[in-house]
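The numbering of the sequence shown is our numbering, which starts it at 23 and goes up by one.
Hints listed in this document are in silico derivations from the structure and should not be mistaken for laboratory results. Honestly, I wouldn't trust all of these hints.
[As the list claims (entries may be wrong)] Straight-line distance between alpha carbons at most 27 Å, and here's what the computed BS3-like set of lysine-lysine pairs gives: (1) K157 x K104; (2) K148 x K76; (3) K100 x K192; (4) K71 x K148; (5) K104 x K116; (6) K76 x K100.
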Amino acid sequence: MIKLMVSDWFPLCTVIGTAFALNMLFNIPVWIGVLLTGFSTLILLALQKYGIRKLEFLIAFLVLTIALCFLIELHYSKPDPKEVLYGLFVPQLKGNGATGLAISLLGAMVMPHNLFLHSALVLSRKIPHSVTGIKEACRYYLIESGLALTVAFLINVSVISNVVGKWSSKLFAIALLASGQSSTITGTYAGQYVMQGFLDLTIRPWLRNFLTRCLAIIPSLIISSVTWVIGGLIMGINIYYLVSSFIKLILHGHMKLVAVVFLGILGFSGIVIYLAAIGYLVLRKNRESSTHCLPSSNSQTAETLPREDTVNMHT
Numbered sequence: 023m024i025k026l027m028v029s030d031w032f033p034l035c036t037v038i039g040t041a042f043a044l045n046m047l048f049n050i051p052v053w054i055g056v057l058l059t060g061f062s063t064l065i066l067l068a069l070q071k072y073g074i075r076k077l078e079f080l081i082a083f084l085v086l087t088i089a090l091c092f093l094i095e096l097h098y099s100k101p102d103p104k105e106v107l108y109g110l111f112v113p114q115l116k117g118n119g120a121t122g123l124a125i126s127l128l129g130a131m132v133m134p135h136n137l138f139l140h141s142a143l144v145l146s147r148k149i150p151h152s153v154t155g156i157k158e159a160c161r162y163y164l165i166e167s168g169l170a171l172t173v174a175f176l177i178n179v180s181v182i183s184n185v186v187g188k189w190s191s192k193l194f195a196i197a198l199l200a201s202g203q204s205s206t207i208t209g210t211y212a213g214q215y216v217m218q219g220f221l222d223l224t225i226r227p228w229l230r231n232f233l234t235r236c237l238a239i240i241p242s243l244i245i246s247s248v249t250w251v252i253g254g255l256i257m258g259i260n261i262y263y264l265v266s267s268f269i270k271l272i273l274h275g276h277m278k279l280v281a282v283v284f285l286g287i288l289g290f291s292g293i294v295i296y297l298a299a300i301g302y303l304v305l306r307k308n309r310e311s312s313t314h315c316l317p318s319s320n321s322q323t324a325e326t327l328p329r330e331d332t333v334n335m336h337t
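Produce the complete structure using the sequences and hints provided.
The structure is reproduced here in structure tokens:
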């Protein structure tokens, strides 16, 4: 039952991740990306009518896309192999927020619902009911699981080093998009098999995905829209106090008619310009880079550090 609840709420993180990926790739607002994630997953799940193998190939393609993006970043970052091996086998937490990052990575990489999914997919195979056939199937399943874990290991190694640049953010967004879609599909089928095995209840995958996706989209849409609501509320408060104060000044300021007209023209023009500037600042796209370049003392190139590291250096 706990696993069923986890598989139902798991799409929440995949929805947010996919929405951020669409935002990074196409500059789509996050709340629009949240709405698009439901339709994209339903389209991908429609491949099931052509056979479960086609859907498995799609998931494998998405996982290979993730691995390829991170391996390209690993190639250009050129990390020290000794440091990579040391970081793999000697755990250490350094920097601000390292503990939270480690916990989030553990939750993102360890997917217990896939254990149920793999067991159910084994049952979908046509295996000869003989000792030789079962042994051969177990051997191929072992090879398949080993290859999957090897790819996961390579992906984890590739994520260790940071790569900076606009093209790097695009590669990360593509990997994030592929990860969100593949995780959603596997989570949907895992929840279906858990319900079928423990509760003897069968729901069509598209209907289950629709119900769980609605549960995930609603809070995600609220979270992604809260900044727009707060910005609009602040603008409304500024407009009210600015206009009401200016009108009181004109009506009760005991000024001559010419001064009132002149002040009204200039004042309202200034208010319009001020409100337009506020609207631009609220709605503009943030193009500020998340990294800063620092000159290297040993080379002619510039070293790039995350924003939090440069802040710590100044403090």
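Outcome of the hint check:
no. : hint        : result
1   : K157 x K104 : violated, 40 Å
2   : K148 x K76  : holds, 16 Å
3   : K100 x K192 : holds, 19 Å
4   : K71 x K148  : holds, 18 Å
5   : K104 x K116 : holds, 18 Å
6   : K76 x K100  : violated, 36 Å
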